[in-house]
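Could you slot chain A onto chain B? The hints should help.
2 protein chains.
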Amino acid sequence: MAPEAITTDASSDVTITGKIYTRVRLATKSDLSHIYKLFYQIHEYHNYTHLYKATESSLANLLFKENPLPLFYGPSVLLLEVSPTPFDEPKTTTNEGFKPVRKTFDLKFPVVEGQVEEFRSKYDDKSDVYIAGYAFFYANYSCFYDKPGFYFESLYFRESYRKLGMGSLLFGTVASIAANNGFVSVEGIVAVWNKKSYDFYVNMGVEIFDEFRYGKLHGENLQKYAHNKDKNGEGSC
Amino acid sequence: MAPEAITTDASSDVTITGKIYTRVRLATKSDLSHIYKLFYQIHEYHNYTHLYKATESSLANLLFKENPLPLFYGPSVLLLEVSPTPFDEPKTTTNEGFKPVRKTFDLKFPVVEGQVEEFRSKYDDKSDVYIAGYAFFYANYSCFYDKPGFYFESLYFRESYRKLGMGSLLFGTVASIAANNGFVSVEGIVAVWNKKSYDFYVNMGVEIFDEFRYGKLHGENLQKYAHNKDKNGEGSC
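Just so you know, the sequences run in chain order B and A. Sequential numbering from 1 applies to the first sequence in UniProt numbering. Sequential numbering from 1 applies to the second sequence in UniProt numbering.
The following block holds chain B by itself, in its conformation from the complex:
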C-alpha cells in the first residue's frame, strides 16, 4: 500500500547551495515512517509497488525487535541525513552503539529538498535535517570464512540527493564498520542492466563473480514444502 499522498507545496521547499552537511547514523524506531517511505520509493524505482506489502508495524517487527540481535548481526539500516547547516559533534557513543559519521560536500549545483515535512528527521533537536537515503545490511556466514561478513541488501537515495557522491559515503561507512569490527566481507548482488550501480560497486572495490547466478525459492514454489508440517518426523520429503 502507498504511503499517504505526498504534498509538493513548493513554498516549503528548502534550497541548499554551496555546502551540504551530512550525517550517517544507525536508524532507530523513531525513523520507522521515513524508512517505510524510502522502502516504498525503492519499490517505485523498480516498478514493484504492487508488491509492497510492508506496513510500519511489519517493518517495526522486522527491523526493531524488542529483543534485538547483537549490533550489526540483525537487519541494520544506516540513514544518511542532510542539512544546510553543520551537525553538532556526535556523542562518543550513542544509545544505538554506533557513533555517527559526518561529512561536508561542496555542491556544484543547488539541491532542492522538496518534501520538507515528509522527510524531516526526528532524531534530535536540530530541525533542518532531512533523510536523504539509506543502506540496509545484516550479518552473513559462509563455510569459506571463519568469521561472519555482511550481506549488503540495498542502497537508495531520494532523487534530489543522487550524483553527489553520497552513495560512496554510505557504502564506505558500511565497509568501514565491517573492516573495523572483524567482519570479513561485504557481499551482495547487483543487476547487470543497472550499469551505473554496477560500476559504482566495482569502483568501491567490489569483485564481481560472473560464474554465479542468484536463485530464489519463494511464493507457491516454497509453500509446496509446507505440507511436511504434520509429517515432521515421518520424513516424507
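Mixed in with the good hints, there may be bad ones.
All copies of an identical chain are treated as equivalent in the list; a pair is satisfied when it fits inside any one copy or across any two copies.
[Unchecked claim] Okay, derived cross-link-like pairs now, DSSO-like style, lysine-lysine, Cα gap no bigger than 27 Å in a straight line:
id, residue 1, residue 2
1, Lys-195, Lys-122
2, Lys-147, Lys-224
3, Lys-147, Lys-65
4, Lys-147, Lys-53
5, Lys-147, Lys-122
6, Lys-147, Lys-37
7, Lys-37, Lys-224
8, Lys-99, Lys-195
9, Lys-224, Lys-163
The hints are simulated quantities; they were obtained by calculation from the structure and are not laboratory data. Note that the structure is a prediction, hence the values are computed from the model and not measured.
Quick look at chain A alone, frame taken from chain B:
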C-alpha cells in the same frame, strides 16, 4: 589446515545394501569435529584447501555461540546422518528445538562407508550412525519482503552418499522449515558451471535470476576502509 590424516583401513568399512536409513537433525556442538571435516572437504571439492583457515575453535565461535541467536536466525547447520539400521522415533522436541526428520531410501547399489571412525555420529547412543552431509543456512532480510527469509549457503555430501536423492531431502527440509515458520524465501547463489547443482536447484523449484551478479568486497579491498577507524565522527570516507 588439513584435518588429521584420514585412515582408510578397509577392514573397518561398513557396506550398506538394500535399505539405508537417514535422519536430518540440527547440528550441535558435539558435531564440531565432523563439521570441521565436512567444511574441509567442500574446500577440497572446490580446490580451495589453501584458503581453509577455520579451526574447531573458530567454528565453535561462528556456529555455537554462548548466547545463540533465536532458532534459525543465526548460522544453522542441518546434518544428514545415515545408518544400516532404523532410527528410533525422534523425541517430540529436542533440546535444539527442531524435531529430526527420518526417511528410508531403497538402494539400487551398495553404499560403502569407508571412514567409519572419522564420521561416526556422537549424537546419541546408536553407534552405527554416520554423518553423510550437511546444509548450511541463516536468516536473511530484504526491503522487498515484510518478513525474513533464509539464505542457503551450502549443501555438501561426502562422495559415498551422492546420487541417492539425499540432497533433495536436505534442501527440502530447509524449505519446509522456512515455509512452516514464516520465512518467505530461500535464496542463494549457484555456479553456472556446476550444471548438476544448477539443475538440482531448478528442479527443487528455485527461480534463477539471470540479470544479477554476485559481488564481494573482501581482503585488501575491504581493509582499505579500516582507516576510518580513528576518524569515526570526522566523516572522511
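Hint check results:
no. : hint                 : verdict
1   : Lys-195 with Lys-122 : neither (35 Å within a copy, 51 Å between copies)
2   : Lys-147 with Lys-224 : between (34 Å within a copy, 18 Å between copies)
3   : Lys-147 with Lys-65  : both (24 Å within a copy, 12 Å between copies)
4   : Lys-147 with Lys-53  : between (34 Å within a copy, 10 Å between copies)
5   : Lys-147 with Lys-122 : between (36 Å within a copy, 25 Å between copies)
6   : Lys-147 with Lys-37  : between (34 Å within a copy, 17 Å between copies)
7   : Lys-37 with Lys-224  : neither (33 Å within a copy, 33 Å between copies)
8   : Lys-99 with Lys-195  : neither (33 Å within a copy, 47 Å between copies)
9   : Lys-224 with Lys-163 : between (44 Å within a copy, 23 Å between copies)
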